[in-house]
Structure formats: C-alpha cells, structure tokens
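So the protein lines, in turn, are chains R and A.
Residue numbers for the first sequence follow this note's numbering, beginning at 3 and rising by one.
Residue numbers for the second sequence follow this note's numbering, beginning at 7 and rising by one.
What the hints contain is simulated information worked out from the structure, not anything from laboratory work.
In this text the structure is predicted, and so the values were computed from the model without any measurement.
Don't be surprised by glycine CBs; every beta carbon is placed ideally from N, CA and C.
It is possible that part of the hints are untrue.
[As the list claims (entries may be wrong)] Derived SDA-like pairs: lysine to any residue, alpha-carbon spacing no greater than 25 angstroms straight-line:
(1) R:K106 x A:S38
(2) R:K106 x A:L325
(3) A:K206 x R:I132
(4) R:K159 x A:M110
(5) A:K206 x R:G109
(6) A:K121 x R:G109
(7) A:K112 x R:H137
(8) A:K121 x R:P126
(9) R:K106 x A:L230
(10) A:K206 x R:E143
(11) A:K206 x R:V133
(12) A:K263 x R:T117
(13) A:K93 x A:L325
(14) A:K263 x R:G138
(15) A:K239 x R:V141
(16) R:K106 x A:K112
(17) A:K239 x R:H137
(18) A:K276 x A:L312
(19) A:K274 x A:E292
(20) A:K121 x R:E143
(21) R:K159 x A:K112
(22) R:K106 x A:E146
(23) A:K112 x R:N121
(24) R:K106 x A:T148
(25) A:K239 x R:K106
(26) R:K159 x A:L312
(27) A:K206 x R:P114
[As the list claims (entries may be wrong)] Reference listing, derived: stretches of chain R covered by chain A, where coverage requires no fewer than 3 residues with Cβ under 8 angstroms from a Cβ of chain A:
(28) 123–133
(29) 142–155
Read off the chains here:
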Amino acid sequence: MSGESLLVRKIDWGTVLDHIPAWRANQVLKLLNLESLNRSSDISVIVLYNVPSKKLGRKDIVKLYHHMVSEEEAKILALVFPQMTINYIRDWKVEKHSPGLPEKIIGKIRCPETTCITNYEREPATPRYIVEREHGVVVCEYCDTLLEISRIPDFLKG
Amino acid sequence: MLSRGGDSGNKNILGSFPQQFENTLAGRDIISCRDFNREDVELVFGVAEEIESGVAGVEDALRGKKVALIFAEPSTRTFQSFYVAAKSLGADVISIHDPSISSMAKGETLYDTVKMIEGYGVDCIVLRHPARGSAKFVAESTSIPVINAGSGSQEHPTQALLDTFTIKKKLGRVDNFSMGMLGDLRFSRTIPSLCYLLSKHDGVRIFFMAPELLQVRREVELHLSQRGVVFRKVVKSEEIREIMPELDVLYVTRIQKERFPDLTEYEKVKGSYIVDMKLLSYGKKELGVMHPLPRVDELSPEVDSLPNAWYFEQARNGLPIRKALLYLILGGVA
Ligand SMILES: [Zn+2]
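Start from the sequences and build out the full structure, keeping to the hints where you can.
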C-alpha cells in the first residue's frame, strides 16, 4: 500500500481519533506510546494536522491502521480531550466508541512535583493518579499533588 | 486483640483501659494522618498518658523486637526521639542515618535499603526521607509496618499526633477551638498532617496566616473543604493582629529566606511573621503558642517564660507519643 493510497483508503480495521484540538495530535500519539508496540506489527499511522472542521474550526485527526486503542487508553484520551471522538473500525464498519472515565491512571503521567518519589528515577515507583473529575484534577497517589486534567498533556511520560 | 493482663505478663501497660479493646494500630503503617480515625488517635493518647504516668513494666514491652530507623536526611531531633522511644521500651534499634540514600544520582536506593533491612528480621521501619511519597512507597515495598517520620514537605504524622496531644492537655479539648497557623505553610511537613488530624475533630476553625507564596497547599484545602472544616486564608500581614483575638492556639513555623525568589519580598514580610510580646498582646490572655522547634528568630525568647509558651512541653510530648505508637504497632504483633 503506497503512502498516497493510505491517505484516502478506507480502513478494514483500526481506530480513527477525530476532533482532536488543532496541533495536539502529537500529544495523543505520545499517550498511545506506539513505538513500544511490536515492531513487526503491520500498523500504519496517518496524522492530519490543522484540517478545517465545522465543529472546532480546525482540528487534528489520527488514523491508526490495524491498531485498536485499548480501553484504558481510550478512557484517558476521553478524559484529557473531551471533544475527541473515538471510532473503532471492524470489517470496514465504523463504531463510535464512548469510553467511561478512568478511575486511575497508572504510569502514563510524570508527577509535576519534582520532589515526588516517582521522580527519583532509580526508585521503582510508578506514578499513579486517582481521577477526581468533579474537581477537574488528578491526584498523585504517592505525593498528593493535584494536576489539572487540562495540563496532563504537558506531563506525559515517554 | 490486647486484653487487660494479656499474655504479656508485666508488659501490660493498659490497665486503665476497658477489659477488652481492639488495638486498631497493631501491625499498621503510619503514613498519613488521613489514615487515622478518632478512636485510633484516642488510643494513642491513652497509651501515651499511661506511659507518662510511669506504670511499671514499660521498659520491657518490646524486648526482642527490632526497630529500624532509616533516616535519609540529616535530622537529629526526630531521630533521637524515636531512638530513645524504641530503646526505652526494650527494643533493639538498627539505625541507618545516611543522606546518600536520598541521592537521585548515586548511592544505594531507598528500595534496596529497605530490601536489605527486611533480611535483618526487623519488626518496624521508621523512615525520614526528603521525597514526598517516600513513606507510602516504602510501605508498598515491604510487609513490615512503616512509620512516616517525615516525607519531604508532605507529612509528619507523629509530629501532628504530639501537637494534638499537647492541645488536648493544655487546652483541655481537641474540639471546638480556633487555631492560627503562621509562617511557611507550604513547605512545612507538619502543617498538612496537623490539618488532616484536626479535620477528624469537631468545630475546629483554622486561620492560615502566610503570604500567598507560602500559603497552604491546594490538596490540604481540598481535604478540609471535603470534611467540612471551616478555614480562612489570611494573606495580608496587616490582618494578622485582627485575627489574633479569635485564636485559642497559634502554631508558628519558620519562614525561610530561600523560599523567596525576590529577597526584597522576604524583607518586606518577615517582621510580620515574628511572634513576640507585641503580637501576643493582641490575642487572648490564655492563647497557647506552639512551634515544632527548632526555631530561629520567628519566635522571640521573651515569650519563653510566659504561660502562653506551650512549645517546650510540646517537644517533651514527642517521647510518650512515639513510645505509645511503637508499643501499639508492635504490641499487637505475635
Ligand atoms: Zn507525586
């Protein structure tokens, strides 16, 4: 499949992340940590930046050929980018997915508090956050520091 | 379960307690004051009072037990307090007083230190470390009970217990009173612990008196709001004297110059956060003044001889409280 045909081709199976705020697709990719996937997988990724959108004015789109975003990742994406739509594609058919909210986020975010034990790289302490949606924050389970949900993209690990 | 007389012969120091009571602290970690309920606190205070009253047999209560003190900060007072507490209950003490454990770059990690200590058959770990979250991390890394003796700027629960014990003894109650907290509320580890502990009690009002830069952290505010504690932030130093008549207790912490990016800012505010005769003249006659010590110049020595100076007695309460905690945590184990 050539690059050009990928752009226009429909997906037989995979995930389309639409209505990402303009120029934020890189943060989405960072959260998905695709480089950690098995290198022999036949995944392809198309990223569209700053395309016109009726809803948002401008938006980004990420198309993941032959990769299903996990439920855990979908929940975090829905938390951080509430206007994003997540579509799973199976056998050419599009299913809109509405994930619930995560209760905890494990490992994906580094703690904004520099003196937190999870920032001691040699200590095996994995950052772990409790989501407090009603206060618009996640809370580090180790050091109690609050992080605004809107600031999560600035603290993604990886 | 511990019971009167118990199976420990002359080790029983709980004679004044009901026939049977549950030692809710046996084998437990002491990481955050949020983990206590009111009964736990009263149990610690009850045992501390027994210990203070000098009932015989205490010196053997922890014979055969091993307490490890891991201090990754050059703290001396808390270390000594725990050392004396464990020794005077008959426990063996293994002490690792090594700031390099907290090095980000070199030396043995905290995790490895704890794993090594486990091999010594230790019954309790007392930890001081500059990282927030360090005590919780260690508690998750080992099945040995862990006592947090200071986790960075996060918490210092045993200090809060001895502070509240002092309030109980001096004020005669731990409910329905007004407390002013003055100075550096942002980096002081005792302030969050004290707030969490006071939030278990009824009718406590708290006034946070500090410049914006050193105000209490957001998670503490959030916790107090969720528990319905009435508090107010007082950021203008001119307002301090207006608040003084409201207070039953004034808790003073040190403001460090290094916290200010702009030294002229520090020079401007520092005088307002010094407790002396003049400031006390605005307060109630019986206002109690507390300080976790050591002090520098935020608490004038002229206050020392007044009945308002609670801080030396406060410091003395550290030993019975830490003995009571060690006794309860280890007393219920095997
Ligand atoms: Zn943290």
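Status of the hints after comparison with the structure:
1. With a CA separation close to 20 angstroms, the supplied pair R:K106 and A:S38 stays within the 25 angstroms bound.
2. Between R:K106 and A:L325, the direct Cα distance comes to roughly 39 angstroms. Violation of the 25 angstroms bound is thereby established for this hinted pair.
3. With a C-alpha separation of about 22 angstroms, the suggested pair A:K206 and R:I132 falls inside the 25 angstroms cut-off, and the hint holds.
4. About 18 angstroms separates the Cα atoms of R:K159 and A:M110, which keeps this hinted pair within 25 angstroms; it holds.
5. For the proposed pair A:K206 and R:G109, the alpha carbon gap of about 32 angstroms is over 25 angstroms, so the pair is violated.
6. Using a Cα cut-off of 25 angstroms, the hinted pair A:K121 and R:G109 holds, with the two alpha carbons roughly 23 angstroms apart.
7. At most 25 angstroms may separate the alpha-carbon atoms for a hinted pair to count; A:K112 and R:H137 exceed this at roughly 39 angstroms.
8. Between A:K121 and R:P126 the CA atoms are separated by roughly 12 angstroms; this keeps the pair inside 25 angstroms, and the hint holds.
9. For the hint pairing R:K106 with A:L230, the CA-to-CA distance comes to about 23 angstroms; that is within 25 angstroms, so the pair holds.
10. Distance hint between A:K206 and R:E143 is fulfilled; the C-alpha atoms sit about 21 angstroms from each other, no more than 25 angstroms.
11. For the hint linking A:K206 to R:V133, the alpha-carbon distance of about 24 angstroms falls within 25 angstroms, and the restraint holds.
12. Using a Cα cut-off of 25 angstroms, the hinted pair A:K263 and R:T117 holds, with the two alpha carbons roughly 19 angstroms apart.
13. Of the supplied pair hints, the one linking A:K93 and A:L325 holds, its CA atoms being roughly 11 angstroms apart against a limit of 25 angstroms.
14. Restraint check for A:K263 and R:G138: not satisfied, since their Cα atoms lie roughly 33 angstroms apart, outside the 25 angstroms limit.
15. Simply put, A:K239 and R:V141 have alpha-carbon atoms about 22 angstroms apart, close enough for the 25 angstroms limit, and the pair holds.
16. Only pairs whose Cα atoms come within 25 angstroms are accepted, and R:K106 paired with A:K112 is rejected, the gap being roughly 32 angstroms.
17. About 20 angstroms separates the Cα atoms of A:K239 and R:H137, which keeps this hinted pair within 25 angstroms; it holds.
18. Taking the CA atoms of A:K276 and A:L312, the gap is near 23 angstroms; set against the 25 angstroms cutoff, the hint holds.
19. Note on A:K274 and A:E292: the hinted pairing is violated, with a Cα-Cα distance of about 30 angstroms set against a maximum of 25 angstroms.
20. Between A:K121 and R:E143 the CA atoms are separated by roughly 22 angstroms; this keeps the pair inside 25 angstroms, and the hint holds.
21. With a C-alpha separation of about 23 angstroms, the suggested pair R:K159 and A:K112 falls inside the 25 angstroms cut-off, and the hint holds.
22. Among the hinted pairs, R:K106 with A:E146 is consistent with the structure: their alpha-carbon atoms are about 17 angstroms apart, no more than 25 angstroms.
23. Between A:K112 and R:N121 the alpha-carbon distance is near 15 angstroms, which keeps this suggested pair within the 25 angstroms criterion.
24. For the proposed pair R:K106 and A:T148, the alpha carbon gap of about 23 angstroms is at most 25 angstroms, so the pair holds.
25. Of the supplied pair hints, the one linking A:K239 and R:K106 is violated, its CA atoms being roughly 31 angstroms apart against a limit of 25 angstroms.
26. In summary, the hint linking R:K159 to A:L312 is not supported, as the alpha carbons are separated by about 55 angstroms, beyond the 25 angstroms threshold.
27. With a CA separation close to 29 angstroms, the supplied pair A:K206 and R:P114 exceeds the 25 angstroms bound.
28. Taking a C-beta to C-beta cut-off of 8 angstroms, the region 123–133 of chain R contributes 5 residues in contact with chain A, enough for the three needed, and the coverage statement holds.
29. Check on the region 142–155 of chain R: 7 of its residues sit with their Cβ under 8 angstroms from a Cβ of chain A, so the three-residue criterion for coverage holds.
Hint compliance for this structure: hints 2, 5, 7, 14, 16, 19, 25, 26 and 27 are broken, all remaining hints hold.
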